[in-house]
Amino acid sequence: MASWTSKLSRWAEKRWDLKEVLTPILDTEVTDYKQKVRFCWGGMTFALIVIELATGIFLAYYYQPSVKGAFQSIVFITDQVHLGWLIRGIHHYASYLIIVTVAVHTLIVFFRGAYKPPREMTWVSGVFLLLLCFAFSFTGYLLTWDQRGYWATRIGTGMASEIPLIGEYLMIFLQGGYGVKQPTIIRFYVSHVIVLPILLIGLLIAHFFMIRRQGVKEPF
Amino acid sequence: MDEKKAIDKENPTSSFSRRKLLKFITAFLGLFGLGAVFSSTIAFLTPPRSALKKVGGWQVVGNLSEFKEALSLSKVYFGLPILLMKEELGLRVFSAVCPHLGCIIQWDEKKKTFLCPCHDAIFDKSGKVVKGPLKDALLPFDLKVEGEMISVRLPEEKLHGYPSWFRITMISGV
Chain A
0 MASWTSKLSR WAEKRWDLKE VLTPILDTEV TDYKQKVRFC WGGMTFALIV IELATGIFLA
60 YYYQPSVKGA FQSIVFITDQ VHLGWLIRGI HHYASYLIIV TVAVHTLIVF FRGAYKPPRE
120 MTWVSGVFLL LLCFAFSFTG YLLTWDQRGY WATRIGTGMA SEIPLIGEYL MIFLQGGYGV
180 KQPTIIRFYV SHVIVLPILL IGLLIAHFFM IRRQGVKEPF
Chain B
0 MDEKKAIDKE NPTSSFSRRK LLKFITAFLG LFGLGAVFSS TIAFLTPPRS ALKKVGGWQV
60 VGNLSEFKEA LSLSKVYFGL PILLMKEELG LRVFSAVCPH LGCIIQWDEK KKTFLCPCHD
120 AIFDKSGKVV KGPLKDALLP FDLKVEGEMI SVRLPEEKLH GYPSWFRITM ISGV
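Just so you know, the protein sequences line up as chains A and B, in that order. Using numbering that gives the first Met the number 0, read the first sequence as starting at 0 and increasing by one per residue. Using numbering that gives the first Met the number 0, read the second sequence as starting at 0 and increasing by one per residue.
If we strip away everything but chain A, and leave its shape as in the complex, we get (with noise of 0.2 Å):
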């Protein structure tokens, strides 16, 4: 009597031929040097990624991206939503982890040298993820709608409107109008939570892909 998970591993095996495809990707060796921590803060901020992923769809399903109830949906989410508290905290703190990991992430393969040819498309890769980290985090600050938010956003869009020629424009653009108010709330929920995911989501194929075809650096 076989067990269920060999049974169901058989009937995939037999409509999809699985073990061709999953093989050369799953059965890689994992040498000595890459236990070790310092290869491990991209991963740790793949795995904070895939958090914030998962908790910002949860949060999704109650918070209201205008000016009388994105706060007020927050307060609920946190004092009403069965383990609303948690989900959002996690989303919270996860991403000021994700700001930690990704900049150790970028300083150690600076310092490795990792970014040298053949793997300069990664690292520029990188770099693009970097920004949409940062990304990541002006769109979600304002969406709470508290002082805090709302002030550092006019002071972010304050320093792009003093880019000469193009600075009220792109302020107006980035806002959505004069002054931070119900358009510039709308613009920063849809960045945060369709085209900057998409984005995000994307490159990291392209990463892992390359990581992937090439291998991690070795030591020196």
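Incorrect hints may appear among the rest.
To be verified - With a straight-line Cα cutoff of 25 Å, these simulated DSS-like cross-link-like pairs (lysine-lysine) come out:
# : chain 1 : residue 1 : chain 2 : residue 2
1 : B       : K157      : B       : K134
2 : A       : K180      : B       : K53
3 : B       : K74       : A       : K180
4 : B       : K111      : B       : K127
5 : A       : K67       : B       : K74
6 : A       : K67       : B       : K53
Simulated from the structure, these hints should not be mistaken for laboratory data. Since we're looking at a predicted model, the values are computed, not measured.
Fit chain B to the supplied structure of chain A, relying on the hints for placement.
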């Protein structure tokens, strides 16, 4: 490679063949199309002119009788904090937004100066900088009194020279 050379020999005018021309036209049209999609996307995301609400015009903000209790009044003009002053220079109105980084200034009655709590900027009663990390004076508002009613107006022409975030804050309200 060999095959290509052979084709070229058969066609002595291959330096600018029909194939090359078609490739060139396709590339040009392709770039044109991509440019159209990109520029349309930017244009779509740019808020239309009609959505850009600006603040301006006269608004009644107070009453002369209110000065009986205090010589400075904190008021709001289309969401912007302003200070109404009554002292020896007469009735005056200033924007309460500090032109340094946007904190809200207050009137210090004892020292007869405006004080910004964020970076200790001090302005005299005419709005000029006495001390602090900036050069721009406080923005004076236009003012008129009809009966007892005090009306003020944002002087857009005086915004020239202020930092761009300050100009945008003033014409948009907070």
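For a quick check of understanding: which of the numbered hints are violated here, in increasing order?
Result: no hint breaks.
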